[in-house]
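Between the sequences and the hints, there should be enough to build the whole structure, so can you do that?
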Amino acid sequence: MSPPALPTAVYIHVPWCVRKCPYCDFNSHERGDDLPEAAYLRRILADLTWDLDHFGPPAAPITSLFFGGGTPSLLQPETIGAVIEGIADRLPLAPDCEITLEANPGTAEAGRFQGYRAAGVNRLSLGIQSFSARALEALGRIHDGEDGLRALALAKAAGFPRINLDLMHGLPGQTVAEGQRDIELALDAGVSHLSYYQLTIEPNTAFFRRPPTLPEESILERLEDRGRRLLEDAGFEPYEISAWARDGHYCRHNLTYWRFGDYYGLGPGAHGKLSRWDGAGGLQVMRTQRSRVPEHWLRGDGAPSAQTPVEGDALREECLLNVLRLREGIPFEAFEAHTGLPRACLDPEREAQVAAGLLREDRLAPTDQGLRFLNPLLAALSR
Amino acid sequence: MTDLSHIRNFSIIAHIDHGKSTLSDRLIQVCGGLSDREMAEQVLDSMELERERGITIKAQSVTLHYDAADGRRYQLNFIDTPGHVDFSYEVSRSLYACEGALLVVDAGQGVEAQSVANCYTALDQGLEVVPVLNKMDLPQADPERVKLQIEEIIGIDASDAIPVSAKSGMGIDVLLEALIARIPPPTGDVDGPLQALIIDSWFDNYQGVVSLVRVTQGAIKKGDRVMARSIGKVHQVDQVGCFTPKQTPRDGLRAGEVGYVIAGIKDVRGAPVGDTLVLERSDAPALPGFEKVKPQVFAGLFPVNADDFEDFRDALEKLTLNDASLFYEPETSDALGFGFRCGFLGMLHMEIIQERLEREYDLDLITTAPSVVYEVLLKNQETIYIDNPSALPDPSRIEEIREPIVRANILVPQEHVGAVMTLCQERRGLQVDMQFLGGQVSLVYDLPMGEVVLDLFDRLKSATRGFASLEYGFDRFEAASVQRLDVLINGEPVDALALIVHKQNSAYKGRDLVEKMRELIPRQMYDVAIQAAVGSKIVARSNVKALRKDVTAKCYGGDVSRKRKLLEKQKAGKKRMKQVGRVEIPQEAFLAVLQVGK
Numbered sequence: 012m013s014p015p016a017l018p019t020a021v022y023i024h025v026p027w028c029v030r031k032c033p034y035c036d037f038n039s040h041e042r043g044d045d046l047p048e049a050a051y052l053r054r055i056l057a058d059l060t061w062d063l064d065h066f067g068p069p070a071a072p073i074t075s076l077f078f079g080g081g082t083p084s085l086l087q088p089e090t091i092g093a094v095i096e097g098i099a100d101r102l103p104l105a106p107d108c109e110i111t112l113e114a115n116p117g118t119a120e121a122g123r124f125q126g127y128r129a130a131g132v133n134r135l136s137l138g139i140q141s142f143s144a145r146a147l148e149a150l151g152r153i154h155d156g157e158d159g160l161r162a163l164a165l166a167k168a169a170g171f172p173r174i175n176l177d178l179m180h181g182l183p184g185q186t187v188a189e190g191q192r193d194i195e196l197a198l199d200a201g202v203s204h205l206s207y208y209q210l211t212i213e214p215n216t217a218f219f220r221r222p223p224t225l226p227e228e229s230i231l232e233r234l235e236d237r238g239r240r241l242l243e244d245a246g247f248e249p250y251e252i253s254a255w256a257r258d259g260h261y262c263r264h265n266l267t268y269w270r271f272g273d274y275y276g277l278g279p280g281a282h283g284k285l286s287r288w289d290g291a292g293g294l295q296v297m298r299t300q301r302s303r304v305p306e307h308w309l310r311g312d313g314a315p316s317a318q319t320p321v322e323g324d325a326l327r328e329e330c331l332l333n334v335l336r337l338r339e340g341i342p343f344e345a346f347e348a349h350t351g352l353p354r355a356c357l358d359p360e361r362e363a364q365v366a367a368g369l370l371r372e373d374r375l376a377p378t379d380q381g382l383r384f385l386n387p388l389l390a391a392l393s394r
Numbered sequence: 012m013t014d015l016s017h018i019r020n021f022s023i024i025a026h027i028d029h030g031k032s033t034l035s036d037r038l039i040q041v042c043g044g045l046s047d048r049e050m051a052e053q054v055l056d057s058m059e060l061e062r063e064r065g066i067t068i069k070a071q072s073v074t075l076h077y078d079a080a081d082g083r084r085y086q087l088n089f090i091d092t093p094g095h096v097d098f099s100y101e102v103s104r105s106l107y108a109c110e111g112a113l114l115v116v117d118a119g120q121g122v123e124a125q126s127v128a129n130c131y132t133a134l135d136q137g138l139e140v141v142p143v144l145n146k147m148d149l150p151q152a153d154p155e156r157v158k159l160q161i162e163e164i165i166g167i168d169a170s171d172a173i174p175v176s177a178k179s180g181m182g183i184d185v186l187l188e189a190l191i192a193r194i195p196p197p198t199g200d201v202d203g204p205l206q207a208l209i210i211d212s213w214f215d216n217y218q219g220v221v222s223l224v225r226v227t228q229g230a231i232k233k234g235d236r237v238m239a240r241s242i243g244k245v246h247q248v249d250q251v252g253c254f255t256p257k258q259t260p261r262d263g264l265r266a267g268e269v270g271y272v273i274a275g276i277k278d279v280r281g282a283p284v285g286d287t288l289v290l291e292r293s294d295a296p297a298l299p300g301f302e303k304v305k306p307q308v309f310a311g312l313f314p315v316n317a318d319d320f321e322d323f324r325d326a327l328e329k330l331t332l333n334d335a336s337l338f339y340e341p342e343t344s345d346a347l348g349f350g351f352r353c354g355f356l357g358m359l360h361m362e363i364i365q366e367r368l369e370r371e372y373d374l375d376l377i378t379t380a381p382s383v384v385y386e387v388l389l390k391n392q393e394t395i396y397i398d399n400p401s402a403l404p405d406p407s408r409i410e411e412i413r414e415p416i417v418r419a420n421i422l423v424p425q426e427h428v429g430a431v432m433t434l435c436q437e438r439r440g441l442q443v444d445m446q447f448l449g450g451q452v453s454l455v456y457d458l459p460m461g462e463v464v465l466d467l468f469d470r471l472k473s474a475t476r477g478f479a480s481l482e483y484g485f486d487r488f489e490a491a492s493v494q495r496l497d498v499l500i501n502g503e504p505v506d507a508l509a510l511i512v513h514k515q516n517s518a519y520k521g522r523d524l525v526e527k528m529r530e531l532i533p534r535q536m537y538d539v540a541i542q543a544a545v546g547s548k549i550v551a552r553s554n555v556k557a558l559r560k561d562v563t564a565k566c567y568g569g570d571v572s573r574k575r576k577l578l579e580k581q582k583a584g585k586k587r588m589k590q591v592g593r594v595e596i597p598q599e600a601f602l603a604v605l606q607v608g609k
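Residue numbers (the working numbering), protein chains in the order written: chain A, 12 to 394; chain B, 12 to 609.
Calculated from the structure, these hints are not laboratory results.
There's no promise every hint is true.
Said to hold, decoys possible - Straight-line C-alpha distance at most 20 Å; calculated EDC-like pairs for lysine to aspartate or glutamate:
| # | chain 1 | residue 1 | chain 2 | residue 2 |
| --- | --- | --- | --- | --- |
| 1 | B | K560 | A | E213 |
| 2 | B | K305 | B | E489 |
| 3 | B | K560 | A | E248 |
| 4 | B | K580 | A | E213 |
Structure representation (structure tokens):
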């Protein structure tokens, strides 16, 4: 059997932030402007070299790079450029490789947008969250609404072909009118992709310890309904639970996660997933994770802090966790190709959920109802 | 006839918290049963659950050697007893093996009703009771007042009660000497044909059935061929011995001694508690066994996953060997599928069994609301007994329903007597007697058992700052004005949620129950309508509003561990839910009735 080539991506984690946001539960650490950029560059490439030495080269050219954080826009454009070059020296990049960088709308970082574009970044993801000064203050963001609009203008001027905005709804004190204005401003600016998600309070965040007062349920409901309608009217398509795109400008990198493709995870706390066909026609899936604390990671030699094989029911579940976030899901053939498991292993749970109206019959995909109730659907599908 | 004068068999009767476990530990330590290093705290309470709850559930025994002041070495066989009201049956079993008992009373708190009841059992069985005042090291110790209480309430001479502190070790030597002087040695013909009473049996995965026995006549040793009198099946004895408290094999056990027997019995029903072990082909008769205990609280237990039914049956089979008081028979529920109707001694017993099934046998179970047994006289003059509300016949066929009445003895300090009387009145109790005894009040009430077993013990404790104590026993059936209250989920009656309630309470109970269930059933994909009905009449209704969505907005990129954690949380929640129609009902909602009126 000739093993299909899994789409493969590279994730690069930049762990530093000027200030940790009270809702954030990602691996981010506050740090001044004395970032160890040279050491960072060396260590990122050491991570990649280690992965290549131990897992071999990807089966097909890399389709996306993604600088996530933290705040990647705290790094100088030269450092970003050197990371991209270093990766291109070691891995084949597809000609249309998507290269995304997450950026904060703060003024200092916005000044570097041109530099990032010149370094090869072709998709900018702006952590706007909201244009309302009041909401931003409640979120503890270090930028205000004006900063957001200015950053957006600078990003466009810098010539990024694709721009994503992160927008949140259900913010403390947010009214339906404010939520509507956020969307309208984003649409006016002509972005082609929105990560539009509801604020949730996660454990291990400042908000969890001191919860803010969120809008009551009827407001939350109207906020979301209004937002969805505006986006649909503007030709946006909700291709994932919180991701909206127009003109097919899907985030290729996230699609690799959601379609259960492979990815190298570089940088502190970064997660990777790498698959290999063994001689007997079986697929071995390995998860990697790197040391979370930046200082520890900087002292390391590129080896992941943990490697976990994923197999059997766990593999089946992890695939479902990802693919069912997509409105279109994946075809059954892709499930078999990306897990090495027969599609029959989805049953009988799958059949029951098809009967309950939460899963589509023709492919591995949720119905509208299934997408809205993904948590109970996943619980019902797992063992 | 061999000399038995160096043997003493005894139990300790004590209320929870009066320091029985500490005293046991101290006796074991003084007699060198374990080195300090081996001395885990409270060694006798060996079940994990017992440790956690700080109570003794199962009888255990330990054999100790004591070098007395008279220069002789004595063998002390100590049979531990449980201390909770649910387990008085186990206490009487332990007492069968003894010639005497230490009545341990907290010198500060005084006598509690449970100790009174157990003490009466001991006296009825002809045991010598030695009063012991514990916790003498505490400033609130008031030995004279407590001695007076013992004399007034229990009616035994307490003038030579022994003051000790199990905690500090004070008075332990005096206690051991008194134990030898006052408790008589066992009697029995060592040369006669074997008779050994099975006090307790449990199943051990490695050894098979282990039985704790009291040899009353003859002797038993390795290689003997024995049979349980009522079973008649012969087994060869693999091992006999005693617990020191470590399991210690010995050459044999003789009349008067207490120890264990392992005889390769694999069938869990091969060594029933209360039966007599005799030699093969022996015509020695069975010893008088114990009164078969009657469960008082019944509830349905159903596996969350139908596939676990067989495992569940096996687990119950094993548990019944350890616990003869646990009763079970298959039950089929329209809502919950196949399970078992189980009978328990009380609510604590029910909780413990459920926890053991889940912990030791890794089962996820749903327990339905507990019920007592009703006697129902049908129009055709037939009498039936109903332990399951959903099995109550149609009212048109019923002549009369009789509810079980218990006689409850309550001991409470004078200042709390008002609170107790109010509570008993609310529970439809009828006062039978009231006596003032040295600052304590002894109250006797007749109460419907259904109003007692669920939570009266807990309510009494909280109404009296923990000072009241309760002991009760079934007295009689009495005609009562009760009826079935059905609960409907989305218009369909759910058999497992039905209750039997007093007519005058049905509307209020229905409203309260429906409201509690609304709080306990989580919001889900669809609206959930909850109704309470008597016959075709709806007496209460409520609604759990559907969720608009239940989805995690954030995707966490390549970090699957976060997504997995969320999923595991969701799955863990489902473990205690049962799907009824398309509604997921959590365990707590099935037991919502326990929270009614709180």
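Going down the list of hints, with the structure as the test:
no., hint, in the structure
1, B:K560 <-> A:E213, "18 Å, holds"
2, B:K305 <-> B:E489, "18 Å, holds"
3, B:K560 <-> A:E248, "19 Å, holds"
4, B:K580 <-> A:E213, "13 Å, holds"
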